[in-house]
Structure formats: C-alpha cells, structure tokens
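Asks: Please put together the full structure from these sequences, using the hints given.
Read off the chains here:
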Amino acid sequence: MSSNNSQSKEKYLLEMIGITKEFPGVKALDGVQLKIRPGSVHALMGENGAGKSTLMKCLFGIYKKDGGKILLEGREVNFHSSREALDNGVSMVHQELNQVQTTRVMDNIWLGRFPKKGFFIDEDKMYNDTLKIFKELDIPIDPREKIQNLTVSESQMVEIAKAVSYDSKIIVMDEPTSSLTEKEVNHLFKIIRALKARGAGIIYISHKMAEIKEIADEVTIMRDGRWIATEFIENITTDEIINLMVGRDLTNRFPPKTNEPGEVILEVKNLTATYQPSIKDISFELRKGEILGIAGLVGAKRTELVEAIFGIRRIESGSIYLHGKKINNKNPREAIKNKFALVTEERRATGIFPVLSVRFNAFISNIDKYIKSNKLLDEKKIIDDTNWVINSMRVKTPSHKTLISSLSGGNQQKVIIGRWLLTEPEILLLDEPTRGIDVGAKYEIYQLMIDLANKGKGIIMVSSEMAELLGVTDRILVMSNGRVAGIVNTKETTQEEILKLSAKFL
Amino acid sequence: MFNAISKKIKSLSKKDILTWMMDNAIFFVLLGLLIVIISVSPDFISVRNFKNILAQASTRVIFALGVGGIIVAKGTDLSLGRQVGFAAVISASLLQAPDYAYKMYPNLPQLPLILPILLVMFVTGLFSFINGFIVAKLKVDPFIATLGMMIIVYGVNSIYFDRPPYGAQPIGGLDPKFAKFAQGYLNFGGLKIPYLIIYATIVTIIIWILWNKTKFGKNIFAIGGNQEAAVVSGVDVVKYLLMVYTLAGLLYGFGGCLEAARIGSATNNTGNMYELDAIAACIVGGLSFSGGVGSVGGIVTGVLIFQVIAYGLSFIGINPYMQFIIKGLIIISAVAIDSRKYIKKK
Amino acid sequence: MFNAISKKIKSLSKKDILTWMMDNAIFFVLLGLLIVIISVSPDFISVRNFKNILAQASTRVIFALGVGGIIVAKGTDLSLGRQVGFAAVISASLLQAPDYAYKMYPNLPQLPLILPILLVMFVTGLFSFINGFIVAKLKVDPFIATLGMMIIVYGVNSIYFDRPPYGAQPIGGLDPKFAKFAQGYLNFGGLKIPYLIIYATIVTIIIWILWNKTKFGKNIFAIGGNQEAAVVSGVDVVKYLLMVYTLAGLLYGFGGCLEAARIGSATNNTGNMYELDAIAACIVGGLSFSGGVGSVGGIVTGVLIFQVIAYGLSFIGINPYMQFIIKGLIIISAVAIDSRKYIKKK
Amino acid sequence: ACGSKTGTGNEGANKAELPKIGVTIYKFDDNFMSFVRRAIENEAKGKAELILNDSQNNQATQNEQVDMMISKGVKALAINLVDPQAAPTIISKAKQENIPIIFFNKEPSEEAMKSYDKAWYVGTTSSQSGVIQGQLIAKAWKAHPEWDKNGDGKMQYVMLKGEPGHPDAEARTKYSIETIVAEGIEVEQLELQTGMWDTVKGKELMDAWLSKHGDNIEFVIANNDAMALGALQSLQANGYFEGDKFMPVVGVDAIPDALEQIKKGLMVGTVLNDAKNQGKATLELALNVANGKDPLEGTEWKLDDKKAVRVPYVAITKDNIEVAEEAYK
Ligand SMILES: Nc1ncnc2c1ncn2[C@@H]1O[C@H](COP(=O)(O)OP(=O)(O)OP(=O)(O)O)[C@@H](O)[C@H]1O
Ligand SMILES: Nc1ncnc2c1ncn2[C@@H]1O[C@H](COP(=O)(O)OP(=O)(O)OP(=O)(O)O)[C@@H](O)[C@H]1O
Ligand SMILES: OC[C@H]1O[C@@H](O)[C@H](O)[C@@H](O)[C@H]1O
Ligand SMILES: [Mg+2]
Ligand SMILES: [Mg+2]
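Protein chains in written order, with my numbering: chain A, 84 to 589; chain B, 3 to 348; chain C, 3 to 348; chain D, 137 to 465.
Keep in mind that a hint or two might mislead.
[What the hints assert, rightly or not] Here are the simulated DSS-like cross-link-like pairs (lysine-lysine), alpha carbons at most 30 Å apart as the crow flies:
no., chain 1, residue 1, chain 2, residue 2
1, B, 105, D, 229
2, A, 252, C, 241
3, B, 194, D, 231
4, C, 139, B, 329
5, C, 343, A, 229
6, D, 381, C, 53
7, B, 182, D, 229
8, B, 241, A, 408
9, D, 381, B, 194
What the hints contain is simulated information worked out from the structure, not anything from laboratory work.
Replies: Pasting the structure below:
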C-alpha cells in the first residue's frame, strides 16, 4: 500500500491510449484515451452507448481491442482473458450481474481462485475468508446462501465485495450503484475511500451526477465512442459534464411539471399478497394525470407491490378499482387488457428477449394491435411503431433488426419503456425505470412521463433515487417492510421525512 | 427498379458480402456438399436425382417443421418418431385394399382417405397436446415429458399392432388410392412432380406464414427467447405451448400417414428414431436449444443437408460403414462453419 | 451430541419436514415404487433381487455419472452408447480365451487385463476429448458435436467389428479372467457382493469427491450455471470442458469393458441407445439441461428408478407392451412430482 | 436406362462392361446377414458391379435406396426387405423401369410375387426355423427325462422373444412351441418377454426369472443365439453348469460363440441358417436376370411354385457341429 507513496502524482497507474473497437455496423470506440492515477477515483461518463462498458471490456480481456495501447504501471499489457487481467491486478464489477445463480455466495466470490488444501477445496477457509471480507465491508449476507435467493441489491453488494477482495491495483466499477439504495451507496463509498487510501485506482462508471461529484477525483467524458475531455472534478461543474456528454445544453435535470392530477382512476384497497413476507394491507389512490412515486428501503416490497397490481403475484385479499369498477388482474394478460403496463426492475431476467431483434422487443406486448382482419400481422405498422420507439426514445441502434443484446444497457432499457408506451396504457407502472439511463435520456423519460400524465394517464414510479422522486412525482408513497408508512405530497416533503417513514415498520 | 438493385449491389462492401455469407453459411455448406458430390460423380446431375432427394426429404421436412416450432419455444420432442409410427400403423390398418387377404379389419369397408387421416391427426394432436400440458402445466422438462410419451405411444401402438388374427405382422396391402396419395405425381407437361414434394411445399409455406406473420409465431419466439419476459409481456405461455406442441402432433400425424403410404406398409417400428434426425436437422439449420432463434428456411436446409448426405454418399458408392464416418464429419463441420458467426468478435 | 440432534429434530416444524421431503421427492418416488412392487408381489423382497438390481445398475451408474458431469456443465453426450459399444468390442476382441476357436486374433497371446482396459480407456478418453474440443473450441452445439461423434464411433467400430474371417459376429469366448472381472464377487461371510457393485461404488465415491470437494467440480458447476460469469472470474472454461468430457470418456471406456465382461460378448450394437437411458436417469435424478445443478446422489437414484422399473415390472410379470406404457407414466410422474419444488411461489 | 456417361478411364471402361446390380441389406451388421453379404460379394467378383446398401433396419431408407439405384441405372435389384409387406412398393418402382428383382431372405407375399413376372425369391421359410427349433427341443426333451425336474410331465419353459413384429421373432415364437406340442409334449409357459435380439436383455431377463422361479424353469428357448448366450451368462452366474446343475438352452443362428457353447455342452443346440448358399443363389439369379437370361440358367437351383429358391435350415447339436463350422470356412 505504501509502495505508491514514492511515485509522483503524474505517474499513471493505467493508461489507455487511442483505443479503437468496431462491431458489425458500429464503431464503438474511436481513439479513446483514459489515464488513471494511483489512489484516485476516476469517473467515466457518457451517454448510453457512448462506449464506456466496451472500453472496460477491452481492458479486462473480454473484448479484443482493434487498436491502441494499454499501459499498466508503464508496462504495455494486452490481456487476452479475464484471468490475465485479474492476475495482473485489474478487477471489475460488471454492469450486468455476472453470477452463478445456482451456487452459493462464497462459491461465487472464490470462483476462479478457490483456496485448496492439498487436492481438495478448503471449504472452511472459503467460508471464513468470505465472512472476514463481509465483516470488513459490513455486508450482512450469509456466505452459504444461494445467489438466487438474494435480492438484486444484495447480489450487487456481493459482486462489489468480490471485486474488492482481489486486492487489485485497478478496480473497474461499471454502474455499481444502479440497484443500490441511498444507504448502500454510502456504504459503497466508504469502501471506495478505503481502496483509494490503499493506493488503488478506481474507474467509476455511473449516470448519477451527485455520486460523481461526491466520490470522483477526476472525470473522463466520452461521446459516440470518442474521448471528449478529462478534468479534475473540482474544475468542472455538473452542468458542464452534462453538456459535454450530450453535446448540447441541458441546464435543467427535470422538465417543468405541467401535469395536473384529476379525478381518481385507480384505487387499491387493503391489498395483501398470498405468499408472505410480502405486501400487507396496502391502500392508496392514483389520480388521472398523476405521477405517484414509491419510495422505500431495499426489502420494502415495492417491487412486490407493482407485481401484485400487474397480476404477477397472487393476492390473498384486498381489491383494485379502476374507474371505480372492481377489476381482477389475474395475470399480466388481464392487466394489459385493463390497460396497465409494467416496466420491470430486472431487465435481463424479465425484460428483454436477448436473442431477438430490437423490433421484436419493441412490439411484442402490443401484438394484438397489429393483427389485420386476415389474422396476419401488419408488418408495416410494426416497423413504423418500432421506428417511433427508436426515435422518440432516442435508442442508439444500427437498425431495428439489430439484436437487442448488442445494445448498451441503457438503450435496452429505452426499448423496454418504448415497448410499453406502444400499448398506450392508462396505468403505467415503472419499477426503477431510469436505472442505468444517462442524464439526457432520463430527462427524456421524465418528459415522456409528464406528457403521458398530461394525456390523463396515471403513473406509478418505484425509485431508489430520491432526487428523481422529488423531481418528477406529485405524491410519494413510502413503504416500509411491506406496508404503507405514509403518503406525502412531493412539494411539501423532504428527504428526511421520507427516510424516517421508510424505517417506520422495521 | 433495376437501377436500385445495381446501386444496392455496388454499395455492398467486401465485408458486407462476407458477413452475409457468414450469416447464411449453412446454405453454402449445402452448395459445397453438392459440388463435391457432383465432382466425384458427374452423373449425379440429373432431374431424377434431385427429384428423388426432394421427395425423400418431404416427410422429413414436415416432421422437422413440427419439432422445430417446439425447439424455438425452448422445448424438444422425443416422441416424434413413435408418433409417426403410430400414425403409420393406424392409417395403414384402416386403409387396406378391400380385396387384400390379410386385412386387420376384414369387414371394414373402403374408407375415404380423409377420414382415417383426420382421425390419426386428431389422436397424434392429442398425444402432443398432452406433451404440451405436461411441459407447460406440470413443469416437467420437455426431454422427460416427451421421452415418457415416446415410450407410452410405442406401447400403445404395439398393443394395437400385435393383435389377432395375424399378430405382429407388418400391415401391408394398402388401398391403391392411399398408396397413390403419397407415391403419385402431378404431370406438368412431361415434368412429373411427386405429390410428396407438393405436400411438403404447402406445409412449409403454411408454417412459414405461421412463424413469420402471425401472433402465434411471434409468441413462440417470445416464449423461447425469454419465458419470464413473455409472461410479463402478456403472452399466454401455457396456451401457446399447448398450441405449438399440438401443431407438431398434427404434422406428425399427417406425415406419418404419408410415411405409411410411401413405404407401402407399416409396423410398430416405423418412424423409430426419426426424432433424432429431425432434431439434428433443426439444429444444423440454425435452431438452438436455448430457444428463440431459427427459421423455416434453415430447417428446410438442414433436412436437405441430411438428405443430400444420405443420398449422395450412397450414390457415389461409398461403403456403408464409411458413410457413417463421413456423415458424422460433415455434420460437425457444417455446424462448426455455421457457428463461426456466433463467435463474438472479441 | 445426541441432545443436539434431538433438539434439532424437535425444532423442525411440519413445514420444514415438508420442504425437506419436497427437496428429496425423487428418493420418495423410488421408495414408493418399491412399496408398490412389493405389495403386488411380496416375494420381490429378497436379497437376491436387490443384488440383481444393484448389479444391473452398476455399469449404468458409471455411464450416467460420466454424462452427468457433462450435463452439469450444460452439455450433453449422445456418443455415450456408441463409445460403450466401441470399448466393449475392442476389449472383448483383445481378451478372448487362448483356446477359443473363433478368436479375432488367433495368434494374440493372453494379455494382462489391465492393458486392453487402459488402451480402451485411452481411446474413449480421446474420443470424448475431441467432443470437448469441438464443443469448447469450435463452439458447436454439444447435441450436434456428440451426435456426429456417435455416428463416427459407430462407423469406426463397425469397420473394426465386421471383418474376416468371422464377419459381424458377436465377439465371445472371453478370457475367464476377464469374465470374472465383472461377474465375480467378494465373499463377506456368506454375503456375496458382486464386483460390479463394488466398482460402481468406488466410481460413485470418486465422482462425489470430484464434484463436491475439488476445484474441478466447482468449476464445472460454475460453467454450467453461468459460463460468462465463469469466464470473467478467470476460469479456464475450455480446459474444464475438455476435462469433463474426457472424464466421461474414461468412464465410458471402463464401463464398456465391464459391459463386455458382464455380458460375456460384444457386438457393434452393444451399448446402443444407452445414452438415452443415462441422460434420462440424470434428468429424473434432478439434473437440468440448463446446467449448474445436480448431485451424484440424484443421479444414482435416477438410475435405480429406471432399473427398479425395468426389473420390477418384468418380475411381477406385466405384459411387455404394458410395461412400456407403465414405464412412461412412472417417469413422467416422478419428474412431475419432483419438479413441484421448482414452482415459484409468487 | 440412361447411364451412358460413365466409363472414361481404362478401369472405368472395364467396369462399365460389368452389369450393375443394386443390393440392399436390411441391416448391414446383422450377424447372419453379414455372411450372406459376404457370400454375395465373393460371388460377384469379376462378374458384376455391386452397389451395396445398408437399409439400417428402416423400410423408408430402403425405398429411397431403391430410387437411388434405379437412378444410377442398375440392371437388376437384389433386395433384402426390411419389412416383407413393403414388397409391392418396391415392385412398382422396379416395374416402371422394367428392372428385374431378386428378393432374398425376407419373403414377399404370394400376391406380390405374382404381380411382377420379373420378381423371384431366394431364402428359407421363416416358420421353418421355428419348426426345426421345436423338433430339436422335443428330441432333446424326450432323450432327457431328468430335465423334467418337478416330474409333472410338463415342460416349464421361458421364452426370450426377438423384436416384436419381426417376422422371424413372431414365427419362431409361434412355431417352436406348436411343434413341441405337436410332438406330444405338454408345455407350460412361465415367462415370455422380449429381449430384442439382445444379449444384455437376455441376461437381465434371465436374472429376474431365476430369482422368481428358480429351479422351476426347465427349458430356456430363445429366438436367437445372442439372447440365448445372455441367458447362459446369467445361468452360469447363478451356479448352473457346475456339478449336475443343468439347464437346457437353445437358440437360432448358429453363430460361432454358440457353437463353442454347444461343444462345451452348455447349450443344447441351435438352428443354422445357411448364409453361404443364400448369398450364392441370390447373386447367381441376379446376375442371370441382369444379363437378360433365365434366372436359373447355369445354376444348380430349382424354383418352387412360388418362384422361390429355398435354402434349408439345419438343426445343429453337438453331433453335427461340423456342418455349422463349415459355414465359417
Ligand atoms: N457485443 C456487441 N456487439 C455489437 N455491438 C455492441 C456490442 N457491445 C456493445 N455494442 C455497441 O457498442 C456501443 C457501445 O456500447 P457500450 O455498452 O460500451 O455503451 P455504454 O457506454 O456502456 O452505455 P450504457 O451507459 O448504456 O451502459 C453501443 O452502440 C452498442 O450497441
Ligand atoms: N428471499 C428472496 N428470495 C428470492 N427473491 C427475493 C427474495 N427477497 C426478495 N427477492 C426479489 O428481489 C426483488 C426485490 O426485493 P424486495 O421486494 O425485497 O425489495 P423492493 O423494495 O421491492 O426492491 P426494489 O427497491 O429493488 O424494487 C424482488 O423481485 C423479489 O422477488
Ligand atoms: O433382425 C435381426 C435378427 O434377425 C434374425 O434373422 C436373426 O436370427 C437374429 O439373430 C437377429 O439378427
Ligand atoms: Mg455500459
Ligand atoms: Mg415339469
């Protein structure tokens, strides 16, 4: 840890120079540079599809770069596999969770470097070392738990712990906080500061501006696969960063709220899920043209609430009224018929069809609208609608035939949101809709939400980002431990009040 | 129009063409295969040989399209072959020539073709519906569900087949109308086109439309591509799984009748192991057991590759045991070449 | 100690027990099966029957454990049966009794057992290594890669087998040492334990240790569970896939020799379709084609279920055709019961 | 018909002079058929160009091979049907091109044979193997009164049947018992299961039967030698053939391993299917018709009223084992 002390601030731990990378139809990286100093946090910023993840994958040996040079502590390196990268002191938290769901937490942590006792795996050491790491990082997870039993945020913390445990010189974190709550983010920052003190260089990718300001020392901005700027964080304002990212002025983070809530369209009364622990006795109302936020800590069962409304979870008791009429969303199909839409939280698991095209992913929920009188599908209308999704959501894709899995994470999310907008829902349920979305696109999504509200739709948005809850909603329902802790008016509330409510039933 | 095309062609870079060839590698494998066979044995080029190959591929295409839909929906179907055998036995037993001495039902009057065929399709449709039910509702792995069905159908068929008065005898003496139904041909000014090819073409077109132009097709791709996402998107997974299995059963039934008619007889072993060929043809043709991908054209190409190998190797007179070795090598190479396109450019 | 256990037991709620039963449903299926058979035919309870069943299951367990590892790593292996046949033919041909009149190699001296067995294991290991290579390096779907290999091995074996002077004749007249190697037994104070059971037990223990206690095991579970995750965690996926395929090949080779020795002869059709049984036993025993799950105990249970069905149904004298139907129903029900545990409570 | 493109090189020219004969074998590696095939090949040397096909026990495959061979311009077909009932389809294919057919080993129905004047048959009578096996059993049973272990005067037997639906399996199962009964022996069937021609299945079924019936079994009848050998393995493992513990076992085919067991006195007998002569006759007839001659011209064979050349089955016991051994020379 002290070996870096003698080195001057000008010595770089990692230099990536002139990196290029092309995919069929996309020039993902075009002469990008990135230089990381020891003991610093370097933010890598850019819109969705700017090439951030691709750059990191080139570093980590997942992709082979087409051109350019990578220097690690002055020595040229060119990793052909992740194994090599790890062995040379580079570790990474991946944007898409990469875990073996069917095995235990500790198996995942030590995968690729199991401790051995002779010929056998040293299970005790695995367990104890995992426990030690978790204690150090203050992560309350049983190392013997199966990954598939963890919540998304717990999995994310396991990933972070794993990356940290390599004791690497360079730690890449590709949107590590996208599924963490405020509290966990603070926790992560504590970890990062400790790493920094150890002399490590951290490459930090995030779309959350506030985080950047708080944790980064330097920032590199990319746009369309090109390097745009590198600055010390104190020399640049958030607005400047945003302008460099999006290539145009974007002074306000939230569009003006023009929507006016009208009469009640949705009434949820005493909703309790069948399989507990889950939601209990939830009641609230949603108005026409209203954006209702749902806040809460991890485990507050916000996801369960929207799933229950959408017919994915079985309901034990309680009822839902749409326009005063009792409805029964037995399954998503019924829900869609009743003009509900749900953008789910876990894009990879329940959102995208990875092996299928952008077009397929865009129109599938709306398929009934394309059936012509002869029972065949209206190809032209499908393409028109897909193009509408691509244009209005500004999806960065070579064409509507491109496989969705080759889009950047944020762009995939935009396609999913577009998918549901096509169904022209009356009630739009959004579970962490802006996760992994860049500022520019977020603004567009907020604008869309407000436009929809203006058209008289009711919108429910689950979010862990306090700023956006406060920025776009009309009211916020705060959940705690499966129950409603309170419903507040956005204009009249504060972050403190929400946090206090979140802890009400713990 | 012509200008547009030539412009389009000019605008294609070398790389585009390469990519396009890669994307369609399996067609080129088929082409390459034909070229090799022809260069070894030039008299392979004859209308007759090609007609033979197409006619022989006909029932196989029908079966492969059936199981292909199931594979797209991330399933599989081992019961295919036994269902084909069942269809063959039942249809043959109900469609024996009135004057044939060893009729299974001596007193059965001559039936119109359509009746037994529809009956058989109904039953195989039902078998497959049950497959679908076990998979979709009881959540049994399709491999096991259809393995079980395969054994059950074989048992049922054997009990039906092995009965007095004649015991387990191949059922022959088919009604000439029935034989002609598969062995006949249309005469287009001298060019005789076997009915089989026509049936296969019609089935192919129908399946192509179903897969590409209807809600049914899109939904099975959705189910195969990501079942959980399909549920959330409002796809009635159970219903469409039932549909895709049932459709397959109908095709097995129809194809099984054709099989009896083209062979001229049926036993309880007719169709044995056809599932392996059909599934292999699908995978060679670009379908994936992970579901959600595949095309009708690919399946047809896959079947043709198998047929050209079988026919071509015999035609050029290769020792039957050597044929196995060569066939194995070709299948592996074909898929290895084809899967170049999936190897992520790193 | 005792206290702790009784406390533990007391602390178990009804729900825990139910969950536990659910998680181990497949064992209860086996138990239930035995109970039914015994109640139909009480004389089924005999040491002899159980010994027969275990001995008959022995080679099958060895094969299933081989392909089981591959399935855990999200692969499959259709070449199993043909490799077994290959091993049986080669070992039988090299281990015929010196005075047997129809020796394949009339001048071959009597070899020590170990030599041909190692030779055979080397070759099947190589076949399977090639399978692994085609899958891991050429990225060919395991179904196709091993289907190709299955056909190739059959061709090679047939050419070896069907030769002058005796043509395609079962290779019999085995060296008594060789026969005894599989048919002999250890005498434990009157209780005769067949060697076969002992071999199977040893192989099971070794595989259990490999799967549960070594890096190799963890890595194949990781590769099967999420290959990408394994790659980015620095697991050498190619190496471990090669290892798991090769290990399977070694087991096929060893089991194939046992198969020849226990049958007393071998043909190129020995082992035909064993893959289907082995794979089915694995899936019934809880493995999944999606990879990453499964246990050695489950596989052994799966094999036993199949063996008990086959033996038991014959034993109680059920009509052979009916046996197919019942077998199919049992397999499906077993898995349907077992898969209750995966149904998500949402 | 249209095969005039061949024959460029010297060798090709020579070959082109030999008539092409298309041969299908229902299953190449069937132990019996592999000898027939070899006899055909030997007989054809220098006389005909053979196109050999393995129908892999699938009639559809065989039909396709016939299409292919016709397309290749063969002068005659020698067909070992997979499924005897499929003969009319094959005949109609050949008839259209006026190509003569010699069916062998599996016999088409009389009607089918009548429907084409250029069709002949070489083989045995399926039922004959059963009859001969039955006679062999009856003779042995009568010679060994001690085999009736329970002394009830009845033969308690178990039957290992071949593949259900296979004409040989059906005929042997039926006629062996009918013949025994006709010889005045009372029988009781303890078990009948299919061993699918397979040694492993034969052994495992025998394991179960011994466990169930023990010494109540008095005779093991198998549809073929492979299954009989499997049963023998099981019996040996259960202590038979040591001391005076004996069990009579019979099969069909006379494969070398079975002969060996007969010599050792472990198997009572089997039935020889004369491969050499079946193969020889098949080719001789095919060659004649390919050359446009009368099928029997220059041969020692005779046709019966069904246009068939019949090569007889032979019962094989320890006493005449050389007859069978001769077949492998
Ligand atoms: N495997 C791939 N095949 C084809 N194109 C790809 C592939 N991976 C990435 N791309 C393309 O490269 C570009 C950069 O993607 P990348 O994932 O690096 O963006 P990003 O900056 O990380 O975006 P986000 O903030 O949304 O994660 C995108 O246009 C994407 O579509
Ligand atoms: N014990 C568990 N086993 C399996 N999955 C779980 C478990 N607990 C939670 N999950 C899953 O994790 C996700 C989030 O969990 P949870 O409901 O506890 O928090 P939430 O407040 O709804 O989450 P978020 O704020 O991330 O939307 C849900 O999809 C839920 O199904
Ligand atoms: O069909 C296969 C069978 O054919 C029979 O003729 C023969 O006797 C059996 O041993 C078996 O080979
Ligand atoms: Mg990214
Ligand atoms: Mg008696």
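Asks: May I ask which of the numbered hints given earlier this structure violates, with the numbers listed in increasing order?
Replies: 9
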